[in-house]
Amino acid sequence: MIYNIPYIAVVGLILLGMYALVFKRNLIKMVIGITLIESGVNMFLITLGYRKESIAPIYTSSPGGIMSLPVPQALTLTSIVIGVAVTALMLSLVIHIYRHYGSLDAKNVRRLKE
Amino acid sequence: MNIPEYTPALIVAIPLIGAFLTPLISRVHDKLRNIFVILVLVINASLVFLLAYDILKNGIQTYIFGARNLSYPIVRILFEVDAMSIFMAIISSIIVLVAVLYSWSFMKNNTGLDKYYTLILLLTAGILGMVMTGDMFNFFVFLEITSIASCALIAFWTSQAESVEAGFKYIVISAMGALFVLFAVAILYGQYDALNIAQLADVMQYTFLDKIALVLLIVALAMKAGLVPMHMWLPDSYGSAPSTISLVLVGATLASLYGVLRVVFTLYGNALSTIANFDVAVNVFIGWFIIALAILSIIVGVIMALIQTDFKRLIAFGAVAEIGYMFLGIGAGLAAAGTAYGNVALQGGIFHIFNDALDVGLLFLVAGAIYYATKERSLNSMGGLARNMKFTTVFFIIGLLAVAGMPPMNGFASKLLIYESTFQLNPILAIVAILCSILLLAMFVKVFYSAFMGPELPKFKKVKEVPKSMLFAMGILATIIVIFGLFPEIILNNIVQPAADALLGYSEYISQVVAGGI
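As you go down the protein sequences, you meet chains A and B in turn.
Numbering-wise, the numbering used here puts 91 at position 91 of the first sequence, and it's gapless, one number per residue.
Numbering-wise, the numbering used here puts 502 at position 502 of the second sequence, and it's gapless, one number per residue.
Quick caveat, the hints were computed from the structure, so don't treat them as lab data.
Any given hint could be a false lead.
For each label pair, taking beta carbons as the anchor points, the in silico distance ranges come out as [as the list claims (entries may be wrong)]: (1) B/Gly454 with A/Arg111: 43 to 53 Å; (2) A/Ile80 with B/Ile303: 36 to 46 Å; (3) A/Ile80 with B/Thr111: 27 to 37 Å.
To give an idea of the chain B side of the interface with chain A (calculated C-beta under 8 Å), a few residues [said to hold, decoys possible]: (4) Val141; (5) Glu144; (6) Cys151; (7) Ala155; (8) Met176; (9) Leu179; (10) Leu182; (11) Gly190; (12) Glu420; (13) Gln424.
Computed from a predicted structure; not experimentally measured.
The beta-carbon is built from N, C-alpha and C at its ideal position, and this holds for glycine as well.
Using the sequences and the hints given, assemble the complete structure.
Right under this line is the structure:
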């Protein structure tokens, strides 16, 4: 059971992010929602690679014993880097939106209608 | 002629290197930069064509990054290019080249063009990587490169509130879609300890977790491909971006469509064709699900297009309908897999990918030409433009006939295949498809009348035909449309047929990597 807690946290983070994305009207909160989903997915990857009592996969001067699988960590690192770029881009767009509309409420940012 | 084995890697590397050289060359001279970008894309397109020739003759090409003869299974990136991948690569190379030629005059008065061209080249690298990679995680990375570059390009005119709004919508949608893809990749990796598409497809058990991953992948990629009911971002982005970008975005959207095809036919190909745990076989179930969404896309796209007054938004809704036609062909191919008409439907769907890119792309370029000449976007304030813009008018007629599926344009050839085959599956599908095609024609004739016909408006007296580079770019698309409309069998037999075979023959894709001992 105790080893399932990270997975429960993953689901919680993703659901929280989805909630923020769907129900929050503030654009910054929507960006936070995306980053929460991203953290959830990253945590899922890291949890997949972890084994009980394993050590970091660094071979030089390793004390021996089980090592965590490095591949999910490499994937997570890539994903984090991409996530930073996406978040920066989203926030810069939010700045531009605020300049044009004078508001961060999604209700007011609706010049594109059918 | 033998081409080096690293050609697939070069095809992604050349635009990537070009992208980072562009700002440097831009410092020297603006024209030099434009020539450099065009040169990069021409070289890349010729490499794509060489690779296509080689693949159609010798079969699937793989290129592995890093060590190759390792005894234990190891995760590494490889490119696996089959006929379907190279078909998509050909489409995107043509589209990007045309867009850059068109940009020469169209974007001339903008500032920040070094960034514009850099982003276009990055987007090219992303699209080509998406269609050629043989690795799920690498697919995710290229998907993100494509999303980031296209979002920045949609919001390129930051002085316009609509562009920024559309850009934000797009990045939220695609960031979420990409995270879904990553989650699905993680689920698959956790079960099978592999990231390679071929390896995964080989050991796929179709467990409950696999079903979740399949749903996540299809939803995320169909959302990025603009299938109704996940299409809301598409008209906004297509309508607000510069016309050249709308054209390139069509390519990016189609790359996501390719992702759906790869997932359904290759990654889950083994599982779907052998396991049936419903009353109906699973592929029939998924096929009908896709067909339902496709019909919905066609109807919603056409109806929403009818009420638009903004020229580019109207075309964008037309594009939603066209995406519906592709998915209709593909879904029918899946639902009737193994039958003769199922194969015809799949071929029609794949052929329509090619035609949609050209037809919708040409219409976007025409809308851009009108915007360039008159600075008008609303159809209500246009009129009588045929007097001053003769060539543009001709290109618009070609584009409208092609989109509506009228002979002798290429849209007719592919839509006929879709009608024929879906009629055998269920006549109602074909009836809806034909009816909506007629509505598309009616809608574009209305546009033609209100924009090009009618009395000469005083404010358009001084309107001139657009510069030669824009005419040339539109001419390329129009020529391809007419040629492949008159002789569809050239492309049908040489490229589309192998592409459809490659999708159906997933075992070859798998054995290329797994049994080959690579």
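For each hint, the structure was consulted:
| no. | hint | in the structure |
| --- | --- | --- |
| 1 | B/Gly454 with A/Arg111: 43 to 53 Å | violated, 29 Å |
| 2 | A/Ile80 with B/Ile303: 36 to 46 Å | holds, 43 Å |
| 3 | A/Ile80 with B/Thr111: 27 to 37 Å | holds, 33 Å |
| 4 | Val141 | holds, 6 Å |
| 5 | Glu144 | holds, 5 Å |
| 6 | Cys151 | holds, 6 Å |
| 7 | Ala155 | holds, 6 Å |
| 8 | Met176 | holds, 7 Å |
| 9 | Leu179 | holds, 5 Å |
| 10 | Leu182 | holds, 5 Å |
| 11 | Gly190 | holds, 4 Å |
| 12 | Glu420 | violated, 34 Å |
| 13 | Gln424 | violated, 36 Å |
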